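**Student:** Protein chains in written order, with UniProt numbering: chain A, 1 to 587; chain B, 1 to 676.
Because the hints were derived from the structure by calculation, they are not lab data. The reader is advised that the hints may include incorrect statements.
Straight-line C-alpha distance at most 20 Å; calculated SDA-like pairs for lysine to any residue [unchecked claim]:
hint	chain 1	residue 1	chain 2	residue 2
1	A	380	B	502
2	B	84	B	37
3	B	602	B	7
4	A	380	A	420
5	A	575	A	239
6	A	380	B	582
Computed from a predicted model, the values in this text were never measured in an experiment.
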Amino acid sequence: MPLPLCNAVTLEIVRGAIRAAQAEMEALIERTAMSAFIREKKDFYTALFDADGVMAVGSNVPVFGDICGPVFRDFPIETIREGDLYWYNDCYGSRGAVSHSNDQVFLAPVFLDGVRVAFVMGWAHFADIGGLRPGSISPDATEIFHEGVIIPPTRLIRGGEINQAALAIFYRNSRYPEQAQGDTRALMASVELGVARMREVAGRFGAPVLADALRQLLDRTRETVRGRLRGTFPVGTHRFTDRIDGDGHGSGTLRLRFALTRTAEDRFILDATETDDQSPGPVNFLMNPDVPGMALGLYFLGGDATQVVNAGGPQSLDEVRLREGSLLQPRFPAALGMRGLTMMRMLAALNGLVSVAGGEAPAAHAAYVIMLLRGTIGGKSFLMSDGLGVGYGARSFADGIDGVYFVAQENYPVEFLELEYPVRLRHYGLNCDSAGPGRWRGGCGIVREYEIMAEEAVLAVRLDGVENPPWGAAGGMSGGPGRVLVNPGTPQERLLRPLSDGNRVVRGDILRIETGGGGGRGHPYDRPAEAVLEDVLGGLVSAEAARRDYGVVIEGRRIDVVAMDALRSARPMTKAFHRGSYADALD
Amino acid sequence: MPSTEPRPLSVAVDIGGTFTDITLQDSATGRAWTAKTPSTPHDPSEAFLTGVRLVLETAGESAARIGRVLHGTTIATNLILENKGAPTALVTTEGFRHVLEIGRQDIPRRANLHAWVKPRRPVPPSRVFEVTERIAADGAVLTPLDEDSVQRAAEACREAGVAAVAVCLLHAFTAPAHERRVAELLRAALPGVAVTASVDVLPVVREYERSLAAILNAQVMPAVSTYVRRLEERLAEDSIDAPLLLMKSNGGVAGAASIRRAPAVTALSGPAAGVVGARAVAAAAGVPRILTVDIGGTSADICLMQGGAINLTQRGAVGDWPLPLPMLDMVTIGAGGGSIARVTAEGALAVGPESAGANPGPACYGRGGQRATVTDAHVVLGHLPSSLLGGRMQLDVAASEAVVMREVAAPLNLSLHEAARGILAVVDSNMVGALRVVSVERGHDPRDFALVPFGGAGPLHGCALAAMLGIGQVLVPPSPGVLCAQGLLSADLRAEFSRSVLPGQADLAAIEAGFSQLEAEAAAWFAEEGVAPPARSTERIVLMRYAGQGGELPVPWRGANAAADFAAAHRALYGFDLPQGRAEIVTLRLEAVGALPAPVAKALPQGAGAQPTATQAVHFESGTAQAGIYDRAALGQGDRLQGPAIITQLDATTLLPPGWVAEVLEFGALLLRRLT
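Next comes chain B alone, as it looks inside the complex:
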């Protein structure tokens, strides 16, 4: 349906380490313009605005026609991963100040008890302060809140010089009054300090995880708030009064106001935007089931989607910390283009998780890299053309050959090409393991899916990964290296509203009442985001388990059918159900979506037959072959290529091995198919 919006322009801004990419799209015509400007790490909003101006100029458009500004941000992610958030205090129930330090009282299953060091908590015990109060498991007040103790805690926070405070009181997810009151008193006593109550971030059982969620939220709040405010000011300076929407970990966007309240929901903002972009590409290509793999320099993010539905998990983690906020069910592994290959003293080949990063980067970048990386292995095998970024970067092939020879081939007594193939085989195998986690472990057969590789290094690995999984189709997005923009432009507003239910104590009426409350919360959110009633939709989900089990499964709520629906889901996933077991509901979750108008996709002009610009020797396992090098920008709709071929573009390189064919689809994606 063509859009009839009065302000049909959307602008999407993706801030990377080196460049800020801006895409402007007219949702009425599907026309899009892009611009690139150097990032400004001292104040990212500078490049943000420069880019917006640049793209408006390129398009000859006016700011007044912008309907919304979309943005994915890695600020929260980086602060959490690098432990660089604001100095934060935790306020908790008297008697429990060490809950955070103790954690779950375990040495992780994969760790060695002699060598393992407990990760440093984002708040040390010296900055955890107690307040006098106590609520029982059923919500009854055992000890009323002593407000003087809150004032003492506020004084201690002031003395400790913190910029943020998290509040997590026992059983607050059942009875939040004390926690809310403590937060209120702290806000009054500590002006300018960011205060987060745990129930406003994650109102579910388990005090350690909820404390962490509150702390991570509090810790990133000052920086994210400042950042968002700067962006809004910048937009106002240029008379852009369109709403600023930010990408969340759940694959949806939300307005700046709700992000300011709970910035932790942006912890996976960057990768989520890419996945949503892959979903848009798949939808345009008419591919219903996809496995996405986003391969960057140091890590790969892997996700599964069916029929455009976004699967959420509440077992997610960011770095060392569990963060059970609803987020894309994504698996991240430490394998990417910069991952370093090495041979251990015992003669084992290991690839990653150590990475050469952007500096010095792989040896072939010629910046002094002395370690053999995954990218160097590609270079040795001829998978990459000798110049990248449209000729702006020359690859030092001899340097790659030297490091792969010295670091891997010689110690393992392998030939240069065997060693390079070995590095790729190991890294591909790690990624296949993660692809299996999101597919096979969740009860799906990967062969029923198309693989969508993206990120700068994704399309180099796509066919190899597909072959290992028995997948016959690989869909390469039009701009695999900058898919975030596409994700931002196609995302809807999304939010989840959850409530724990006392196990086994919820009858149908109580559940109805619980959902009604969540729906009221959702309605308030819809109103805040300005979503018109026809664009609103909600889905009721119950998280269920057999009484006694530790893991819950999400089941769409169909009233009295819940037990049977749950048993079927349990069978599908785990291979058995327990007819005698008592199925119980643990959590109610309402998933709310505010649909944003989908941009009209723009078709590519018909192709005139693909012509290689050059050829290059590529060393496949089956032997060395001359591969044509094709410029993707010169390809048109319907153009077909036969492997071996290398397809280059500014943001990525696609490797098409022998036995594979590629076809350019209507909306610009490349469909790679394995010949049987």
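This is chain A alone, in the form it adopts within the complex:
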């Protein structure tokens, strides 16, 4: 075997240098971006691609498809020059590489001595790009045209010349042009920095060594994921179905049906063609065929810091079958803005596939929740979009994570929210009894209770898993559902539809959002009683639920051992999965 151009030592050094460049790009975006969406919620990512545009170092967020392909289609790769910058948010035009229009992609080539050696990407969710309602995504949308301006792949810079007209049109289409401008400048500066850093890396090691290093990183990830697929899935077809509650426009429950087949020839085929039809409401998830491989890759790579998430994940699947017109491959111009909940369910369904095959993937998580509040205060309009954490699924080695939104996205601190927006929080905490019981319990959801201080405002909310809460596995039970209430505990109490827009609220109204918990794993009676007691004392599990679900009897701050032993001696039967009740398979 010939020695590789880049040996193991250099490979590790190149990997470290790329990681450092990525961290530097992210720090720049975080510190300079203008919209709260980016600066507090940190909804932005960076990635590096090889000279042909194949993702070599991505981020730990499994929602990326083939980012470079759409640019190359309109701007053939051989015409791309040093100093160019490309930009798009076109979901259908990128086949779901971007899956809702708020996400802007900025992509630039890296050249060394006239030779193209890499591409660098900066990506961020922009707070408002026009569309039906402030914030651009709305449960009311029924076409992508309702969700803001669409930017096809566009060459924004050539020969040092910025296409100012394109930017002017873009800013003019935003309700918050200053934020759009600040965020654009931050992303452009970040990509420019990434290009400079990658050029230094290429200069230090030489283009051929860099190319070989990126190839090896790809190969390593592909081989690892492939090996673990083989270790998990026996030859045959493995099926799993998961559900979302609906599209907010009356669709009722919608099903995602996955089948993973390993053929006798060791081909891996993921088939999602049995998934339900697309919906009028904006829950359609235009899934790039690279996404399921990226997501499975992320699961199989686990917490190993020496591994890199990249196109090796998608490359480990031989084929991905999607059906046009389905929820996962909608036809233009179906609305996509609320695809987040379907995407999160897709991730749970992939965990389900692993579980069905006997693997130890986490139980299901709830889909993170967003709310958008738009209104006026003192004659000035405002847009507040708040992300609420949920409970994640229990693992075979740990409880599910309590109260988190997603990777890399932070909350608005209470003090920050109250300084910047016309709301006051009355309560912000973990949602008691929302965690799916189990030997390892699911994570708890969140409760966030707002008092409206604006004269009036219109509320959009997206919360899923109310009718179909996140499933538990291996004896664990499903997580508790969330709900949205106005003026709870008063005669004016009303329950809002969990996926809805146009909800009018006025000054003094109390809005309470409770988010769902994750599914549990393992028999709840196997959970150590001390852990249950700690959860009760911490306000995460009620004493009634401790008795009912865990068989643990708590009196004051102590466990009643005699009563507990009596209860736990009659151990309920369990089955492979649980959603509301135990079942051998979910449908």
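We have chain A already, so just place chain B on it with the hints.
**Tutor:** Quick look at chain B alone, frame taken from chain A:
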């Protein structure tokens, strides 16, 4: 200026895991004496006093001539990192007991969502208690404080058996009255329990981070208080009535009283002392701009300094926890002499963050270490003489060769020397990444700086790191392994006083008024520390951002110029500014310095020409060469060496590769220069 102090002696005490090092210095003459005594982990104050007595005896000096006692302590750091602080409760606003547990509601950017486990909070939810009260964002009282609810919280704290309580109420940084009252009531109700109000530690916006700062402070308070009191008692026993000054994370020292109130400010005490020592060495050598790298057994701390100024950050962290107290802008990575090299199942070479620690330590220590460490790689390549610590420790070269061969060379199909060089290349590359963070990322070109490596392993890596960064000068301190003492002896008293400003609502008059208040706080602190007016100085800093941005930049306050100054700083750092953007002030910060008399530096006698004591084969990438081994203690001012050479001393070994020359400077530092 020669000191005219009546009590010119300063004593600096650095307590390490194995030894306690004591330095006594006469600031009038510059003479210094050192002593070493075994540490006494059961009661560190024992070795502290033994050492002080020992050094006085060595110097033939009397305790009455001691003007101050300086000390850097890692007690708070270790308690935080190992989560071994006192059992603590948190008292917070009703409705918000889970804020700490939720944190910032994120899975970290570098974490894998399937594998990540939220770090256990220093206070579990079962020990968070609520009080009835509420303050609005503008400081108005929405719900008055219900003092009965405070008594109930006190009862719950008592029942939970905690030794410390942190109080963090919403918007207390704007209106602290409720929080102060709760703290007062808890102190009265819970005698002997350490109570910290968040505003006394960190009066800035963001409740999660402020809660954590208060908790970490409360949690280390009992141990630090006891420790400081023991030290003071010990000093009193020996009739030393000089003030005890402790090193803080900001690179300055402060008196025991202020440390007792806010012990969390010592979280980076140890590394800060080293950096301040490097600053003193650079000043003596006339080198204005330095990048410091402090390499120990398990980690490396990296810092940048220009013109002797200490850069502070409020984005610091200790272990898993953000701690936005002003601290040295330092980057720490998990790479040191004990870092373990391994080859993963997929054939990747990884070095650290796992470390062999002091026990068993690297294989070459002969204590049963079976993993290949960075130190073993140095041994394999001949970078270290076969005996260390002046002959008290023999290195087992064969053991190093065996582990590097088995753990790295064989699985990667590399030669022994290639594998050892590979381990060093990876660890050096990680350190270069961190050096770039503090330089390039902050808008500085590392080539304009001299590298100052210290810590036991620093001078072995100095030239390699410099070469990778294009740096031509490396300055090795006289005692690189025990630089803390030098830092303590050259530190000034420092404190910061901060106040959040409601964004966009501060006019010039309000800012002036805000600074005046901070100056009054500083004056009180100066008085407490006994700083004479001529030695006092303050600097007004504003932290600014464009309205909407998440990151702030510190800008010296020059009144109406602030917006232009900020735009210039933004351009320098990020490459652009926003002419249409609205620049706003977020925080006022007053940096207060009480100058302590600088010790007179003592020159080294002229050298008589360096002579090697032996030679040893060193395996460089360019080939194997015989390197002279030099005893640093025998070198004098002006002595010059040519690489390859190995310069040994008790506390560290310096590697001078081919193509580098070394010169002994007037005050004992070694200046290594790359020949072009």
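**Student:** Taking the hints in turn, state whether each one holds.
**Tutor:** Hints, one by one, checked against the model:
1. The straight-line distance between the Cα atoms of residue 380 of chain A and residue 502 of chain B is roughly 19 Å, inside the 20 Å bound, and the hint therefore holds.
2. At roughly 27 Å between alpha-carbon atoms, residue 84 of chain B and residue 37 of chain B are farther apart than 20 Å, so this suggested pair is violated.
3. Between residue 602 of chain B and residue 7 of chain B, the direct Cα distance comes to roughly 19 Å. Compliance with the 20 Å bound is thereby established for this hinted pair.
4. For the hint pairing residue 380 of chain A with residue 420 of chain A, the CA-to-CA distance comes to about 13 Å; that is within 20 Å, so the pair holds.
5. Distance check on the hinted pair: residue 575 of chain A and residue 239 of chain A sit about 17 Å apart at the alpha-carbon level, within 20 Å; holds.
6. For a cut-off of 20 Å, the pair hint linking residue 380 of chain A to residue 582 of chain B stands: about 18 Å separates their Cα positions.
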